[in-house]
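If you want the building blocks of each chain, they are given just below.
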Amino acid sequence: MNQPDTILPPLTERSGILRWLRHNLFGTWLDGLLTVFGLLLIYLAAKGLLTWIFTIAEWDVVVANLRLFMIGQFPLEQVGRLWVGLGFLLFLTGNSLAIWDKRSYIAAILVLAFPLFLAFLPFDSNTRQWLIFLTATGAIGWGLGFSNPQALKKTVVAGWIISLPIIVLLTRGFTDPEAGGAIAIVGTNLWGGLLLTFLLTVVANIFSFPLGLFLALGRRSELPIIRWFSVGYIELVRGVPLITILFMAQLMLPLFVPGGMDIDRVLRAMVGMTLFSAAYLAENVRGGLQAIPKGQFEAAHALGLSGAKTMIFVILPQALRLIIPILVGQFISVFKDTALVAIVGLFDLLGIARTVLSQPEFIGLHREVYAFVSLLYWVLSYAMSYISQRLETSLGIGTR
Amino acid sequence: MRKLTVLSILVIISVLVAACAPAATEAPAATEAPATEAPAPAAPPPAPVIEVTVPGYGETLKAVQERGNIVCGVNAQVPGFGYVDTAGVFSGFDVDFCRALAAAVFGDPGKVEYRALTSSERFTALQAGEIDVLSRNTTWTLTRDTELTGNFVHTMFYDGQGMMVPVDSGLTTLKDLEGGTICVQTGTTTELNLADVMAAEGITYTPAVFEDSNATLAAYAEGRCDAITTDKSGLVSNRASLADPAAHVIMDVTMSKEPLGPMVRHGDDQWFDIVQWTAFALFTAEEFDITSANVDDVKASATNPSVMRLLGVEPGMGAKLGLSEDWAYNIIKLVGNYEEIYNANLGPDTPTFIPRGLNSLYTDGGLLYAPPVR
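Order-wise, the sequence lines are chains A and B.
The end of the first sequence is residue 407 by the working numbering, with every number in the run present.
The end of the second sequence is residue 1601 by the working numbering, with every number in the run present.
Quick caveat, the hints were computed from the structure, so don't treat them as lab data.
Every residue, glycine too, gets a C-beta built ideally from N, C-alpha and C.
Where hints are given, some of them may not hold.
One side only, chain A facing chain B, incomplete, derived with CB under 7 Å [as the list claims (entries may be wrong)]:
{"#": "1", "residue": "75"}
{"#": "2", "residue": "261"}
{"#": "3", "residue": "352"}
Computed cross-link-like contacts, SDA-like style, restricted to lysine to any residue with a CA-CA straight-line distance of at most 20 Å [said to hold, decoys possible]:
{"#": "4", "chain 1": "B", "residue 1": "1402", "chain 2": "A", "residue 2": "269"}
{"#": "5", "chain 1": "B", "residue 1": "1338", "chain 2": "A", "residue 2": "150"}
{"#": "6", "chain 1": "A", "residue 1": "109", "chain 2": "A", "residue 2": "150"}
{"#": "7", "chain 1": "B", "residue 1": "1338", "chain 2": "A", "residue 2": "269"}
Here are some of the chain B residues that sit facing chain A, going by a computed Cβ distance under 10 Å [stated by the list, open to error]:
{"#": "8", "residue": "1305"}
{"#": "9", "residue": "1315"}
{"#": "10", "residue": "1343"}
{"#": "11", "residue": "1345"}
{"#": "12", "residue": "1348"}
{"#": "13", "residue": "1354"}
{"#": "14", "residue": "1356"}
{"#": "15", "residue": "1466"}
{"#": "16", "residue": "1467"}
{"#": "17", "residue": "1468"}
{"#": "18", "residue": "1549"}
{"#": "19", "residue": "1572"}
{"#": "20", "residue": "1575"}
Based on the provided sequences and hints, a complete structural model is requested.
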């Protein structure tokens, strides 16, 4: 008897959309009932939502204030340098995708073609040109990375490292504001919208990382003073809501520093967010450190590595790889936490939404404005999550 | 040893939590951002009493002139009073006062750096010298005038509790509400004021109370009450968010005192005078019918000594304030008189129309009364 290992059903029953439907949605009479009921629910919910989106909602408020949502009160004549900074980031993104994520054309095309897609929307011609510029820089970066991946690796890493100072400098400017010019200083009181949210997120994440790392190592240190300090700091900060830290920074700090000394409000928020995020990050890193078996330490010792070298070359690379999903979760949560600075009077994405709502011509359009802002938050959070998944795949995490 | 560590950490945390408590309770108040923060019935969180270096006489003007702009604390969330318009420019009634001040000091209303402040941080910002003047719909009360190391300069807007009714109801006075139902938010001074005023007038009514302002408005919109009451500047945005704003009208009655005005730090009387006379110049200009449109003609043909002194035709007044002689001319020319500012932000042609009521000149039965310029 030569019986095949698996008995395949006839071809007609394996394929075809009707077959699939019958099998998955209407298998039994109960399945069928549930399907109909579910469809009815979806229809009722979607009908109201779609009617609102397409007929009732007045999206004028978003269109008229798009500039405020994106860059706040940043002067329009200075906006070119923000596009240049964005172009630089897209160049690096294209480059990195080509080098580290070769197989996925889809990701590259999605990222690079998105600005081009936006350019077809009815923006003014200036904005459209800049959007096309973005796609062009991204495509050039991708092409370069694709043609010569090995040689460019170090350059790209260096590019990412200097990108934060470059972006901050481009945003702030460095020549006298009185004199004007394309790179005149723009005070942080004019930073706002998505630009401010983005800068707060990036600065808090980047600076809290080394701080959190040191705190995590400090907590495991055998020196009592360092250990107590780390434990004290972590538990103190984790026991206080972020909003109180921001309030302290905005309300108490001015009273403690000598009169006339004015610490920038955006800087205060950045420092507050960094210090807060560092405490949480420290615990995440500690979790990673604890997951490394003792044998790794002993093996490193047996090879004659010093304590510091053991940490840097053996333990941390493994520990940090383990906690990438947790770190991304932390980054996304910092991104969303930046919305709290709206409560202390900064014009981040949410803060600018609140002032847009008080424009006399748009009073009462809360739903439109908040729907738009939440959509933006969701798109960006999901993008971060997606990028991290790609990063995990290409680093081979989760597959041992 | 370990117990001691745990204990000391607990102590530190509890001290910190206690220190933070007032700030934490302030948070919800800040999110609502009502147009006028009426003095709450419960004791407000105590302001941190910390010695700050108070600038002495003349220091603020000097600092402002060296810096080249005035830092003005404003609200960014009150329609008609302070908000950022679609072009990214601060606008509103309170903002225009800052512009008038900059016109008086620099002859350029644009030389203002706006600092959007929440209700909880506004006094700290003033105390710490982060702002030169606070022009942020702040109600003048005794406590705020004394303990917060600041001085209220003058009332720029007499706000007060108002009453909104549907136009076709034909109600025009409080007496007409006899036996009616009034929507009001519970737990506020508004509710108490309503009871006081109605008792004093001898009007019986049924209050329909709600927990938050949106619910109150929703009930009114559904027609469950004959009228809705809150501060007038709040009623304005309530009205605009109704389905058909034109079908509702704010009665010309004021049921409580909410004098809103700019505030400066203690200790610099010269700066106080400058801010105060900026306000008086706005009133005086309206009194003499001097507008941004006709100020040049008036200046050229002025015969009234008061007008000549105000516009600097007859010099001397500006120097006494430490400003140039055309300080008032600049205010009127570049920003306008009180009426122009009012109408641009709260006038009948705006979505945020508030009848002038008490904010009329004393000659029209209002409260605006400026001392003579001499």
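Okay, the hints, checked on the actual structure:
Annotation: residue 75(A) was flagged as interfacial toward chain B, and the flag holds, the nearest CB pair being 6 Å apart, inside 7 Å. For residue 261(A), the shortest C-beta to C-beta distance to chain B is roughly 3 Å, which falls under 7 Å, so the interface hint holds. With a cut of 7 Å, the hint placing residue 352(A) at the interface with chain B holds, because the nearest CB-to-CB distance is about 5 Å. Under the criterion of a C-alpha separation no larger than 20 Å, the hint pairing residue 1402(B) with residue 269(A) is inconsistent with the structure, at around 54 Å.
Simply put, residue 1338(B) and residue 150(A) have alpha-carbon atoms about 48 Å apart, too far for the 20 Å limit, and the pair is violated. For the suggested pair residue 109(A) and residue 150(A), the alpha carbons sit about 11 Å apart, so the restraint of at most 20 Å is met. About 19 Å separates the Cα atoms of residue 1338(B) and residue 269(A), which keeps this hinted pair within 20 Å; it holds. Contact between residue 1305(B) and chain A, as hinted, is supported at the beta carbon level, the nearest pair being about 6 Å apart and thus within 10 Å.
Interface restraint check for residue 1315(B): the shortest CB-CB distance to chain A comes to about 4 Å, inside 10 Å, so the restraint holds. The interface hint given for residue 1343(B) is met, as the beta carbon of that residue sits about 5 Å from the closest beta carbon of chain A, less than 10 Å. Below 10 Å, beta-carbon pairs count as interface contacts, and residue 1345(B) has one with chain A at about 5 Å; its hint therefore holds. A hinted interface residue such as residue 1348(B) counts as satisfied when its beta carbon comes closer than 10 Å to some beta carbon of chain A; here the least separation is about 5 Å, so the hint holds.
Because the closest C-beta pair between residue 1354(B) and chain A is about 7 Å apart, less than 10 Å, the hint holds. Checking residue 1356(B) against chain A: minimum C-beta separation of about 5 Å stays under 10 Å; hint holds. Annotation: residue 1466(B) was flagged as interfacial toward chain A, and the flag holds, the nearest CB pair being 9 Å apart, inside 10 Å. Nearest Cβ of chain A to the Cβ of residue 1467(B): about 4 Å, under the 10 Å cut. The hint holds.
A distance limit of 10 Å between C-beta atoms decides the matter here; for residue 1468(B) the minimum to chain A is near 3 Å, and the interface restraint holds. For residue 1549(B), the suggested interface contact is broken, since its CB lies about 20 Å from the closest CB of chain A, more than 10 Å. Checking residue 1572(B) against chain A by beta carbon gives a least distance of about 8 Å; that is within 10 Å, so the hint holds. The interface hint given for residue 1575(B) is violated, since its Cβ lies 13 Å from the closest Cβ of chain A, which is over the 10 Å cut-off.
Going through the hint list in order, the structure does not satisfy hints 4, 5, 18, 20.
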